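Chain by chain, the residues run as shown.
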Amino acid sequence: MTTSITTNSIALNKNSAKPVIEIKNLYKSFSSNAVLIDFNFSLYPGENVVVLGKSGSGKSVLIKCIIGLMKPDKGSISVLDNEVPQLTSSQLDKLRVKVGFLFQSNALYDSMTVRENLEFPLRRHWFKTSQSEEDTLIIEALSNVGLTNTVDMMPAELSGGMRKRIALARTLILKPEIILYDEPTTGLDPITGKEISNLMNDIKKKYKTSSIIISHDINCVKIVADRIVMLIDGKCYAEGTLDELKNSIDSKVKQFFE
Amino acid sequence: MQSNALYAFFDEIGDITRFTGKFFIELFKSRFELKEFLRQCFYIGNKSFGLVAITAFIMGLVITIQSRPTLVEFGAEAWLPKMVSVSLIREIAPVITALICAGKIGSGIGAELGSMKVTEQIDAMDVSGTNPYKYLVVTRVMATTLMIPVLVTLADAISLYGAYLGANIRGIVSWDLFWSQVFDTIVYSDLFPSILKTYFFGFIIGIIGCYKGFNSKKGTEGVGQSANSAVVISSLLVFVIDLLAVQITDVLNLN
Ligand SMILES: Nc1ncnc2c1ncn2[C@@H]1O[C@H](COP(=O)(O)OP(=O)(O)OP(=O)(O)O)[C@@H](O)[C@H]1O
Ligand SMILES: [Mg+2]
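Protein chains in written order, with the numbering used here: chain F, 238 to 495; chain D, -19 to 235.
Chain F extracted, bound-state conformation (with noise of 0.2 Å):
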């Protein structure tokens, strides 16, 4: 059933690191509504990886089992070498400063201003960040995006676009590892969209992340995509680059090229 074609360099890749997400077995269902089943999958070091499906398919749910938000019925999900189903609350808030996590809807807090929701991240109590680093921070990450000037903004003054940009900021200025984008570039036109994408590809380089992409937009999908996983019937279906999959034979896989 499963059509696994794996590229030399991945297969390299795969050979020479160890993982730094490993789902091993993975189930999640919703009383009768069986979601995910025997799930599995690795993301190694330094890689975009696409994950693709049809709506419904459960994609967002996989990765909000990745980041401890949904709780999976039965399987291992390694992150960091950390078991995340089994963390404590505390032990999960230590991983997730090295995880971010781009909310689909983009989860802005509307009762605060641009600059609260990003300080939002840097209020854990360890962190002992003084005003004047949160503040470079805060510029650093809104620079990323190229959005400084909207610092003392509410969400509801901005734009879609933008406040997708803003969402990543807030995403970014832990400055994790690793990256979970839940469709980010979904509702916005070509060009920003665009922008976006290239975004994510400068994000990686210049601070070696690795990250899960969920998207249907192919244009997102071939400036950032090194692979891509398939996610059909709950089971990584197939998975491989975009050249590979597109020739594919399989009609499951070939219908979301065409």
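These are calculated hints, taken from the structure and not from any lab test.
Note that the coordinates shown come from a computational prediction; the quantities given were computed from them, not determined experimentally.
Among the hints, erroneous ones may be present.
Once the Cα atoms are required to be at most 16 Å apart in a straight line, the calculated EDC-like pairs of lysine to aspartate or glutamate come out as [said to hold, decoys possible]:
#, chain 1, residue 1, chain 2, residue 2
1, F, K472, F, E259
2, F, K431, F, E420
3, F, K308, D, D103
4, F, K489, F, D470
5, D, K15, F, E420
6, F, K491, F, D480
7, F, K291, F, E432
8, D, K15, F, E353
9, F, K331, F, E414
Have a look at the derived ranges for each label pair, beta carbon to beta carbon [as the list claims (entries may be wrong)]:
#, chain 1, residue 1, chain 2, residue 2, range
10, D, V220, F, E370, 45 to 55 Å
11, D, Y(-13), F, K311, 23 to 33 Å
12, D, V220, F, H453, 48 to 58 Å
On the chain D side, residues computed to face chain F include the following (Cβ under 10 Å) [unchecked claim]:
#, residue
13, I(-7)
14, T(-3)
15, E92
16, M96
17, A104
18, D106
19, G109
20, T110
Glycine included, C-beta positions come from ideal geometry on N, C-alpha and C.
Given the coordinates of chain F, assemble chain D with the ligands onto it according to the supplied hints.
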């Protein structure tokens, strides 16, 4: 069908109890979010004081005007300040204030947390290393618990002033006489239980609002529903607590 509804009812009571238990666990954990707590206190006081003041004033006035004919019939007109002040302090000011706050603050909390829930802002807090329960629920419940007694105390004073004006529409009662009668009548055993119960009113309004918000269903309709049911349930519980409070003070012979 009916047993289903009954099941859902007890299920919800169980959920609310668990939610309340979690409040007490989180309350005593370190890092109290003082800034957010103060912001909520200010917000609650600022948002509902005007409404509470107007209602309390009108209630004081109206109750006095309505009570006069009956007392006149018994030739007991001089008792007007006594009778009115007891019913205002013991019952009317606390319950009316609580109901207004259930409508204004309870629905506000339900809608705010509900929309934060459905737009994943609560998850975002969790991911950002801030316990959303501590940051959002503990601060709001503490704020309603402490602010509603303050509002009730103000409502007591304002409603008594309303009563003073009401007493002066038809008869003439001097300022001094009115207040000396009021303070002769009202003793600690009137004031103490009636203020004490308002802490419970405040607690219930906060906890039900937060519970409904945190369990909001997806979509704008879900948010509206949480706000709405927060008001309905907390108003109902205000009356239940009021009933219990009367029974308890009665048994303890504080009346
Ligand atoms: N909290 C939840 N409770 C119950 N069911 C859920 C919950 N979250 C997700 N689901 C179900 O899990 C399935 C997968 O949802 P998910 O959000 O992961 O889809 P998705 O692949 O991200 O889709 P999209 O591309 O539209 O975002 C859906 O059938 C959804 O109904
Ligand atoms: Mg999704």
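Numbers of the earlier hints that this structure fails to satisfy, in rising order: 5, 7, 13 and 14
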